[in-house]
Amino acid sequence: MRRALTDLLLLAVAAAIVAAAANFARPEPFPLAVPDGFYHMESGAKPIRMGATRRLFDAGDAVFLDARSAEVYVGGRIEGALNLPFDEWEEALPSVEPWFDRQPVVVYAGRGEISLADDLGSVLRDHARVEKLYLYLGGFEQWRDAGLPVSDGANPIPPEETEW
Amino acid sequence: MVSGGRLLGWVLRIGLAGVYLYAAIPKILEPWEFARSIWNFRLLPQPMIPPLALWLPPLEAVAALAVLFGVLYRGGLVVLAGLSAAFAAGVGSAIARGLDIDCGCFGKAASSEANLPHLLFNVALLAAAVVLLILHARSARTPRSRA
Chain E
0 MRRALTDLLL LAVAAAIVAA AANFARPEPF PLAVPDGFYH MESGAKPIRM GATRRLFDAG
60 DAVFLDARSA EVYVGGRIEG ALNLPFDEWE EALPSVEPWF DRQPVVVYAG RGEISLADDL
120 GSVLRDHARV EKLYLYLGGF EQWRDAGLPV SDGANPIPPE ETEW
Chain L
0 MVSGGRLLGW VLRIGLAGVY LYAAIPKILE PWEFARSIWN FRLLPQPMIP PLALWLPPLE
60 AVAALAVLFG VLYRGGLVVL AGLSAAFAAG VGSAIARGLD IDCGCFGKAA SSEANLPHLL
120 FNVALLAAAV VLLILHARSA RTPRSRA
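So the protein lines, in turn, are chains E and L.
Read in numbering that gives the first Met the number 0, the first sequence has 131 at position 132, and its numbers run on one by one without any break.
Read in numbering that gives the first Met the number 0, the second sequence has 8 at position 9, and its numbers run on one by one without any break.
If you are wondering where the hints come from, they were derived from the structure by calculation, not from laboratory data.
We put the beta carbon where it would ideally sit given N, CA and C, even for glycine.
Heads up, a few of these hints could be off.
What the hints assert, rightly or not - Interface residues of chain L toward chain E, partial, derived using beta-carbon atoms under 10 Å:
(1) 14
(2) 27
(3) 67
(4) 69
(5) 71
(6) 74
Unchecked claim - Covered by chain L, per the in silico footprint, the following chain E stretches (three or more residues, Cβ under 8 Å):
(7) 21–29
(8) 74–88
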């Protein structure tokens with residue numbers, strides 16, 4: 000009996016070591032606490048935290064989409080992010096769609112607004128040609144508070160009017 | 000010449016370990032997916048889910064390897080039996096509550112609804128582990144009685 004318990008304990012510890020090693024080997028470790036909104040996500044977007052979002056931002060290939068209202072967006076956003084307010088997506092989608100030649104697309108909203116970003120993700124899944132979709136869980140405030148690049152003002156110029 | 004019991008033992012051993020290894024690897028690679036699968040069952044408090052999503056798939060893999068290679072063999076079988084029983088109970092409770100969810104047992108490798116065939120599959124895994132435990136107990140008794 001005692002040996003059986005020792006065996007179980009050894010297996011449990013070995014599993015914990017493998018779990019820790021696998022998690023540290025990830026580009027972004029899976030957190031031990033996950034925001035509530037994550038469990039309700041339905042868009043199929045891949046959830047990412049600040050580290051992975053930063054890497055996508057630095058790589059310069061991703062399109063960032065801010066799901067918040069235009070009024071909030073002009074007050075501050077992730078640098079280079081476009082505004083596609085979920086509440087007005089039908090009118091706003093054609094103006095940002097030309098950017099989707101670039102992938103992946105990263106959607107985000109405000110702190111604690113995962114469901115808003117996820118709703119926009121569902122719109123993109125159903126109505127736009129977006130194949131690689133990520134959702135930044137931390138939201139704009141986390142990004143700004145970490146001292147990462149932000150900007151303000153209206154949507155940037157559409158890509159057909161600029162040279163990439 | 001391999002006896003019938005020995006052959007059955009190896010078939011069950013390779014089958015059980017193979018299923019659990021196949022199930023574990025995609026879940027180790029995609030903990031976000033697995034965390035959502037656990038949450039879908041609405042059985043555990045949220046704070047428990049992320050640690051479980053990280054630890055459970057390696058436990059499946061380690062126990063499967065233990066069974067396959069015969070190191071901590073009995074412990075591995077007990078773990079796989081326990082996991083099979085827990086998964087069967089989870090799927091059974093989802094069916095009883097009318098939840099229309101993916102079981103998440105194989106991560107992204109294979110989508111499978113938490114339905115009756117899936118419940119029976121888990122019961123079959125549990126039965127395989129129990130049979131292997133019985134065979135092991137018998138083979139462990141035999142040399143001692145001869146000595």
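_Taking the earlier hints as the rules, which of them does this structure contradict?_
1, 3, 4 and 8
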